[in-house]
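J.: Take a look at the letters that make up each chain.
2 protein chains.
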Amino acid sequence: MPARAFLNCILYLKPLALLPNNLFNNAYDSPCMPRLLRDVGEREAIEIVTKILDQDDFPLGLKDDCAAIPMGNNYLLISTDMINERTHVPVGMSPYDMGWHVVAVNLSDIASKGGKPIGLEVAMGLPRGHDVGFLEDIAQGMDACARKYGTAIAGGDTKECYEVTLVGTSFGLVPKSKIMLRSGAKAGDIVAVTGELGGAACGYHSLKHGLDIESAVRRLFQPHPRLAEGQALSRSGVATSCMDISDGLASSTYQVCAASGVSMEIEFEKIPAAGEISQIEFVPKEEILLYSGGDYELLVTIKPDGFKKARAAVKRKGGELTEIGKVVEVEETNKLIRGGEIQLLENRGYEHFR
Amino acid sequence: MPARAFLNCILYLKPLALLPNNLFNNAYDSPCMPRLLRDVGEREAIEIVTKILDQDDFPLGLKDDCAAIPMGNNYLLISTDMINERTHVPVGMSPYDMGWHVVAVNLSDIASKGGKPIGLEVAMGLPRGHDVGFLEDIAQGMDACARKYGTAIAGGDTKECYEVTLVGTSFGLVPKSKIMLRSGAKAGDIVAVTGELGGAACGYHSLKHGLDIESAVRRLFQPHPRLAEGQALSRSGVATSCMDISDGLASSTYQVCAASGVSMEIEFEKIPAAGEISQIEFVPKEEILLYSGGDYELLVTIKPDGFKKARAAVKRKGGELTEIGKVVEVEETNKLIRGGEIQLLENRGYEHFR
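First to last, the sequence lines map onto chains A and B. Anchor point for the first sequence: position 328 equals 328 in the working numbering, and the numbering is continuous, going up by one each time. Anchor point for the second sequence: position 88 equals 88 in the working numbering, and the numbering is continuous, going up by one each time.
Calculated from the structure, these hints are not laboratory results. There may be inaccurate statements among the hints.
Identical chains share a label here; the pair holds if one copy fits it or two copies do between them.
DSS-like mimics (lysine-lysine), calculated; alpha carbons at most 25 Å apart, straight line [what the hints assert, rightly or not]:
# : residue 1 : residue 2
1 : K63       : K148
2 : K176      : K116
3 : K148      : K51
4 : K116      : K326
Generate the whole structure from the sequences, applying the supplied hints.
T.: So this is what it looks like as C-alpha cells:
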C-alpha cells in the first residue's frame, strides 16, 4: 500500500512505555516469530502487502499518494489515512483538531495529484466511556475542514474501540490528462515546494518543551491541504511530478526519485522556512526542515522553463511556490547543497513499527 | 453516519473486563461528563453526528448503507466499515479471515444498493510486535475476497496501532435509475430475503460452547456479500427497497420501515433458516433468526406482483430469494406472525457503546 501521509513528528509523542504484551490478544503470534513488524519497519511492510495485492488492476498501481480509477475522461482519486489516539495524537490536541486533522490529511493526497475533492467517508472508533461532546467536537472539526475546502462528509461508520481511531477516505476527480504522479520527474526539471516548511515540527517542539508557540501548534494540529495549489499546478501543464511531504522533505524527495528514476539536488538555503523556526534554536535547523513531517505542503517538479508559469498559477490561488533545487540523472543518493558544499541528503523520516 | 454493518453476534465475545481507564488518555473527558457514549448508545451517537454533518450535500443524505455521489448516469457508491481486534474478532478468527471479513462487509453495502464494485481501500492498524506473516495473511484474505467478487484492493494505509484495526472503504457504481434505497417500500409490497439466516449466529454459539460446527464458523468468519443477487434485484425493476441485514433481521426491518414510512409483518415460519440451527437447540430460535447479526444477506421489498420475476432473476445468478412477509401501512411496531398468532417484532439488535 502507498506510504501515505505519515505524521512524522507527532509520533515521537507516543507513550514511551508500551503496554504489557499480555493485555493484547496474541493468539496469532507464531511461537518462533522469525520477523516482526518492528524488525522490518513500515516501508518493507508496505512492500510485502503490495506484492500480494498489486496485479495491475489500477493504472497507478499501489504506490502513489492516491489510487486512480478511470472514469470517462477523469480519474477517480481515492486515498485513505488512519490516525489513532495513542500513536498520533499529542497531548493538547482537541477532538475538534482530530476531526480537522483526519479530513485535512486525506484531502492532501487528493491535492497532490491535482484533484478536486468530491467527498469523504470517516470511520470513527471511540471508547464507550467517552463523552458525547467528544464525538460532537470531532464531527464539528471534520465538517469545518471539509467545508473550508469545498467538500463534505458523505458518510462513515461509528464503532466501539479501545482507543480513539479515525480513518478518513477521500474521493476526488482529476482529468486524465492533468494528473500529477510521483513518477514523471526528469533530469533538468526544477524542484519546488508550496508554502513554508518546518511549522508543524516547531509545533511539536513547542508542545514538548512548553514553549507555547501557538501559531506553530496550529500548523501541527490543523494542517491545510494545498488543494488550490495542486489544481493550479496540474492545470499549468508544466508540473512533471508531485507528492505531499507529510513525512518530511528528505524522504519525499527519495520517494519521487524512486518512482521517476532520477535524483535531486536540494539547496538548503532556498528552502522556505516557517517563521517559528527562529524560536526553536535548540534543534538543528536541518532536522526541522528536512527530516520532520506534518507540514502537508506539496513537493513538485517542473519543466526547466516552466517555473515562472507554475509560480504565477499558484500565486493566483493565493499560494506560494519556491524553487529549492533541481532534478539530475539518477545517482545513488540525493544531494544537499549547503554553504556552497555538497552533502548527503539522508533518506530518513519516521517509519511506523520501528 | 449510516448504521452500517454491525457484527451483532461477534461482539458478545469481547473481553468482559474492560481495561482500566487510566491506561487511556482521558485528557478530553470533561470533569462532569453529563452523557457518555455508553449512555446514549450507538444509534443516538449516529444521530448526533448526522445532525452536524448532514446538509443535503449528497442525494441519499447520510442514512443509507452507502453514500451516493452523482457521476453521469451513475451513482458512485461508497461505504466504509471498521473492524477491530478486541471488539470484533472472536478467538479462532485467523488474520486471513479478518482480511476476508473487512472486504466482504464493505462489499455487502455496495450489494445492497444494487451496485457493481470497482475497488476498495483498506487502512490497517497493526501492533509493532506482530509477525510479518500476520500482515501477509491479512493481505491474502483481503485479496481473495476482493477477487472472488470481481474487484481488487486499490490502495490503503498501514499504521502502527495498539490493537489490530482494519477499515475498508468500498466503491461501486449503479445506474441512477436502478439504485435500491432503504426508502421506497410501499404498503402491499412483499418482504423477502436472500440466502439463509442464522448461520453466523450458529457459528458464534459454536465457538462459545466448543461445538465445532465448522460450516457455521465459516459463515461467521467469511461472509459472502450478495453482489450478484443485489444487481439482479436492482435490474429486475420490481425491487422497491433494500438493505443488508448485517445487524439482524428485526432491527433491519425497522430501519427500512423508518426510511420508507411503512411497517412490516414477518411470518416466522417462512424465514429460511440455516441448517446448522438444528445443532444449537439451547438458544431460542427467534434469537438466532431475528435478533442476531453477521449474515450479510439482503432484506428486500418487492412490488406486489413482482416476486416471481425477482426470484427468477436471483436464481439465474445462483442465489435464493424467499418471501417472508409483507409491507403494511405505518403502525407503531412491526409484527411477527408465528403459529398463527400476531406478536411484537422487537426493535433490537446489537448497539455499540452500550
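J.: Which of the stated hints cannot be reconciled with the structure, identified by number in ascending sequence?
T.: 4
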